[in-house]
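Protein chains in written order, with our numbering: chain A, 1 to 443; chain B, 444 to 1004.
Just so you know, these hints were derived from the structure itself, not from any lab. Be aware that one or more of the hints could be misleading.
What the hints assert, rightly or not - Below, simulated DSS-like cross-link-like pairs (lysine-lysine); rule was C-alpha separation at most 30 Å, straight line:
id : chain 1 : residue 1 : chain 2 : residue 2
1  : A       : K144      : A       : K434
2  : A       : K118      : A       : K97
3  : A       : K206      : A       : K274
4  : B       : K730      : A       : K206
5  : A       : K206      : A       : K144
6  : A       : K206      : B       : K567
7  : A       : K206      : A       : K223
8  : A       : K274      : A       : K70
9  : A       : K398      : A       : K79
10 : B       : K730      : A       : K118
11 : B       : K730      : B       : K989
12 : B       : K989      : B       : K718
13 : B       : K586      : A       : K274
14 : B       : K989      : A       : K223
15 : A       : K53       : A       : K79
Stated by the list, open to error - Quick partial rundown of chain A residues pointing at chain B, CB under 10 Å, derived from the structure:
id : residue
16 : N163
17 : V213
18 : F217
19 : S225
20 : G247
21 : R307
22 : W310
23 : L311
24 : K398
25 : R401
26 : T404
27 : E406
Said to hold, decoys possible - Quick list of simulated restraints, FRET-style, between CB atoms:
id : chain 1 : residue 1 : chain 2 : residue 2 : range
28 : A       : D332      : B       : A744      : 54 to 64 Å
29 : A       : E406      : B       : V875      : 27 to 37 Å
30 : A       : G395      : B       : E745      : 46 to 56 Å
31 : A       : D422      : B       : S582      : 52 to 62 Å
32 : A       : L311      : B       : V875      : 32 to 42 Å
33 : B       : F873      : A       : D65       : 45 to 55 Å
Backbone N, C-alpha and C fix where the C-beta goes; we use that ideal spot for every residue, glycine too.
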Amino acid sequence: MKRALKIPRRALLGAGGAALALPLLRSLEVRAADPAWPLRFVVFNSPNGTVTKNWFPSVVRSEEDFDLGKIHEPLAPYKDRLLLVSGVNCHVGLSSKGNGGPHQRGIGALFTGQTLAKGEFVDGCGSQAGWARGPSLDQVIAEKIGGSSRFRSLELGVRCMDNDVQGRISYSGPEAPLPPTNDPALLYERLFQRTPAEPGSGASRKAAVLDTVFEQFGTLRPKLSTEDRDKLDAHTELVRDLERRLGIGADGEACLAPEQVVGLNPDSEVDMPKISRAHLDLLATAIACDLTRVASVQYSTGFNRIRYPWLDEGGEGHSLSHSGDSDTASWDILTGRARWHMAEIAYFMERLAAIPEGDGTALDHTVILWGTEVSQGNTHSLSSIPYLLIGDAGGVIKTGRYLTFEDASSVDYLATIAAAFDSTLADFGDIEFKEGLLTSLYA
Amino acid sequence: MTQAHPQSTFLAVRLSSFVGWIAFCLPLLGCNEPPGSPADGSGGAASTGGGPSVACEEPPLPAPFARLLTRSEYRRTVQELLGTTEDPTVTFPEEPEVNGFNNNARSYAATPLLVEQLDLAASKLAASAQARAFSGLVSCEGKSERECASDFIARFLRRAFRRAPSSAELVSFETLYDRVASGSGHAEGLRSIIEAALLSPQFLYRVEAPLVSEPLAESRELPLGPYELASRLSYFLWGSMPDELLLARAEEGALSTPAGIEAEARRLLADPRAKDRASEFHSLWLKTNRLPSLARDGAPAEFGRDLQRSLLAFLDDVLWAGGTIRDLLTTEVVYATPAMGAFYGYATDPSAPFTRVVPPEPRPGLLGQPALLTRLSLANQSSPIQRGVFVRDALLCSPVANPPPSVNNNPPDPQPGLTTRELFRVHTEFAVCAECHRLIDPVGFGFEAYDQLGRYRTEQEGKPIDVSGSLDEVPDPAMAGSYTGLGELSERLTIGNTVLDCVTRKWLEFAIARAVSPADSCEVLASLDGGSSDTPLIEVLVAITKSRPFRMAPHSSETTP
Chain A
1 MKRALKIPRR
11 ALLGAGGAAL
21 ALPLLRSLEV
31 RAADPAWPLR
41 FVVFNSPNGT
51 VTKNWFPSVV
61 RSEEDFDLGK
71 IHEPLAPYKD
81 RLLLVSGVNC
91 HVGLSSKGNG
101 GPHQRGIGAL
111 FTGQTLAKGE
121 FVDGCGSQAG
131 WARGPSLDQV
141 IAEKIGGSSR
151 FRSLELGVRC
161 MDNDVQGRIS
171 YSGPEAPLPP
181 TNDPALLYER
191 LFQRTPAEPG
201 SGASRKAAVL
211 DTVFEQFGTL
221 RPKLSTEDRD
231 KLDAHTELVR
241 DLERRLGIGA
251 DGEACLAPEQ
261 VVGLNPDSEV
271 DMPKISRAHL
281 DLLATAIACD
291 LTRVASVQYS
301 TGFNRIRYPW
311 LDEGGEGHSL
321 SHSGDSDTAS
331 WDILTGRARW
341 HMAEIAYFME
351 RLAAIPEGDG
361 TALDHTVILW
371 GTEVSQGNTH
381 SLSSIPYLLI
391 GDAGGVIKTG
401 RYLTFEDASS
411 VDYLATIAAA
421 FDSTLADFGD
431 IEFKEGLLTS
441 LYA
Chain B
444 MTQAHPQSTF
454 LAVRLSSFVG
464 WIAFCLPLLG
474 CNEPPGSPAD
484 GSGGAASTGG
494 GPSVACEEPP
504 LPAPFARLLT
514 RSEYRRTVQE
524 LLGTTEDPTV
534 TFPEEPEVNG
544 FNNNARSYAA
554 TPLLVEQLDL
564 AASKLAASAQ
574 ARAFSGLVSC
584 EGKSERECAS
594 DFIARFLRRA
604 FRRAPSSAEL
614 VSFETLYDRV
624 ASGSGHAEGL
634 RSIIEAALLS
644 PQFLYRVEAP
654 LVSEPLAESR
664 ELPLGPYELA
674 SRLSYFLWGS
684 MPDELLLARA
694 EEGALSTPAG
704 IEAEARRLLA
714 DPRAKDRASE
724 FHSLWLKTNR
734 LPSLARDGAP
744 AEFGRDLQRS
754 LLAFLDDVLW
764 AGGTIRDLLT
774 TEVVYATPAM
784 GAFYGYATDP
794 SAPFTRVVPP
804 EPRPGLLGQP
814 ALLTRLSLAN
824 QSSPIQRGVF
834 VRDALLCSPV
844 ANPPPSVNNN
854 PPDPQPGLTT
864 RELFRVHTEF
874 AVCAECHRLI
884 DPVGFGFEAY
894 DQLGRYRTEQ
904 EGKPIDVSGS
914 LDEVPDPAMA
924 GSYTGLGELS
934 ERLTIGNTVL
944 DCVTRKWLEF
954 AIARAVSPAD
964 SCEVLASLDG
974 GSSDTPLIEV
984 LVAITKSRPF
994 RMAPHSSETT
1004 P
């Protein structure tokens, strides 16, 4: 199987915003000579479950011959890149181990395969829980593939405003959630408006500043308790990492910064579609420029009460998702919203497909995983979690299929994806809920 | 004044590790468990408000974790330190929210995004100080550039690190100055000092070690060092760095006695900076930050922001006018913005941000505030559940256990012909729901005279509103029993010191950035003779600063240099 190779850095990005009208140059020959392309991994999450009957394939003739459900129609052009599953159950959330209500347990385990620690987060119904007890899939994969890009990973939120367990999907470690960037203007600044390193004497000045800062960390260290020492060591490491990464430039033939989108309100329902597009444009560019190889995109938060005023007048999503099965009007609205989320992914895939890489495009080298924290809102079921996997991870995963499992653990499902990137990641997730990799996902 | 509790030995062992501590502090009140039983952790509370002989458990104090400045603390600190109005924190990620508070020292840690933004903020702040020619920061008159720089380093680090810098720290920053200034000049050297200081852990973190003059053979509790205590005071009451006077008092040893601490606490509370900090506490305690973005059917545009300001103005008034729990719960006043006046039918002054209105309908205190009633609602109906849970969590510190994960706990949608109370009948009809909901719903039903936007109503779906309810299995049996309407519920909550004890715990958690137990608040209230609903709330803040959990910390032989 093909693995991502390190791409040598040739050119530093020259300047900040003003120069961005020009392509961010990198020698074409260098990239053309690279035998392989880096793999990328992006997770998507949107809340409150899906509409099961419109999610799973409508007609199934065989594993490889099926008709997409209504929700997946926006992805029809990419059908051969999809891998759909049913019967992948969130054993973690269904067990008595760990804490929290169904939305909390669902979102905590969704990409971590871990139960929730004890804690003080209260969900809308009074359940209490803390953070997930382990790193998320995107982060363990970033550890393996994100090392040589400016950002090890990017966490993006589309009106993801709750700073509690339902507002986080990415974790760098146990109880260590990563906050998302909600404002595309800020994301733009982070990606493109910061000179990688100050030129000439500026670089040596910054180096002198950081030397002094590291000395201060060193001075304080002996006075700290063990826990604080760990905490400040981790902080020191992040500063070192930042310093190293600031020296990494952007490059790639399709590395062209988009216009900066400003004036969107990250806390506005109405702006959500614009924020989504701005984020996805920036993320595609970040991938084209190899500024990052791993990202997570979270739309709102678990148990949210958002409306979709640009789509319908159906009111807030959580109550709507609780409608009885016979309430077809409500379920049509929810189906429309679920389709919208798939259309956003299709848009992102289109953007990746426009980035040439060797004989193919960046889309060929990207794996996308979408998931929601419960299967369907009106049951709060943690059975048959509607995960959607897109991309073959360099020929490892066999796509264009719909696989049905009797009762697979979502931890095994996640570990199987992790291991497609690096076999040492097969131990991903809480061991109590693991029975073995789902090798039928592989080619 | 310690009176051994039967469990104290057991607790001491449990509390020796922080994990045990957390476990102890969790709400362990089972739905069927009578309050006050040993398992619910309230055994140590000074629940009857007795006399000076209030006995508290005084469990061993956990070692404080290093405290990373929160966004608001960082903002106020750099503004004070550099004499600027810039706010670089708008791009910082939100702190994790633990038990409602955003400063939990254990949970709040650096993330890649935060470190990236801190670096950017330090660069920008240092560059803009340079652009202002370091005015107000550096004075070089009659000195060589090198002397001027040394002088600046000593003065600036003392303020940035909130203590006298060590000679090693001075040398480190002087070396930095020399390295940069030799190639790029004096101004670049000064800018680099500011940038490095703002990235140093001594600035970004508060490490709260007790003062130890010589190594101790064994671990024991000691008062915090004077600088650490000065910072605890200023960050608790101002959310910012100590001022010059407070640093000077610390250096004189004025903070070595509870009386000295009290004098400084009262001085800080009299400063306008305390107002902003108290509003921050109120926002976190009552979760008002969610109000501006709440979706509510029928709400005028931007209404949530008005409601938030209105609630904070009410709380401000109660706290700073020397108000008590009784005032908090029973004062019938609403601070109405013009938009609120139009919506609720109050006469307001259109040119003033708020008009102090005494509403014609019943609006007992905090629970009657339109903002709170709106927050504790669903988009299309009131929520007796959220309202009942709020009373138990935020006012009684006596939460009910979680629903089991298998339960479908979705609120029913409004049905024509049914009142909200009738909609939730299912909770009492099924034993499995009733087990817990009997402790929640009958508390929330007393709020039914107010809809999802806090409007007063006397009927719903053509039926008269029934505002009868009951308060059961609460920490103080004297407040238990059935009641009619929000006014009577609010009066009931003023019995004894239960609500004061709970609010004290919230303030203390905010002050010391860790989960606290009833034993902690017991110690705070002991200096107020246990306190009551007639204790001015401002006195609770003063009492916190003098209490053992605030001013002491364990000294561990492990960390002795």
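Checklist entry - Would the stated hint for R307/A survive a check requiring a Cβ distance to chain B of less than 10 Å? => result 6 Å, holds
Item to check | Pair hint K586/B and K274/A, alpha-carbon separation not exceeding 30 Å | outcome: 57 Å, violated
Checklist entry - Holds or violated: 32 to 42 Å for the Cβ distance of L311/A and V875/B? => result 37 Å, holds
Item to check | Agreement of K144/A and K434/A with the hint, judged by alpha carbon distance not exceeding 30 Å | outcome: Status holds; Cα separation ~22 Å.
Checklist entry - K206/A and K223/A: Cα distance at most 30 Å? => result Holds, at roughly 27 Å.
Checklist entry - Is the interface hint for R401/A satisfied, with its Cβ closer than 10 Å to some Cβ of chain B? => result Status violated, d = 32 Å.
Checklist entry - Does N163/A pass the interface check with chain B, least Cβ-Cβ distance below 10 Å? => result 4 Å, holds
Item to check | Closest C-beta approach of S225/A to chain B relative to 10 Å, hint status | outcome: 6 Å, holds
Checklist entry - Between K730/B and K989/B, is the straight-line Cα distance small enough, at 30 Å or below? => result 28 Å, holds
Next on the checklist: With the threshold set at 30 Å, check whether the alpha-carbon distance from K730/B to K206/A stays at or below it.
Outcome noted: 41 Å, violated
Next on the checklist: Tell me if the interface restraint on T404/A is satisfied: Cβ within less than 10 Å of some Cβ in chain B.
Outcome noted: 24 Å, violated
Next on the checklist: Can you confirm whether the C-alpha distance between K53/A and K79/A stays at or below 30 Å?
Outcome noted: 18 Å, holds
Checked against the numbered hints above, the structure violates hints 3, 4, 13, 20, 22, 23, 24, 25, 26, 27 and 28; every other hint is satisfied.
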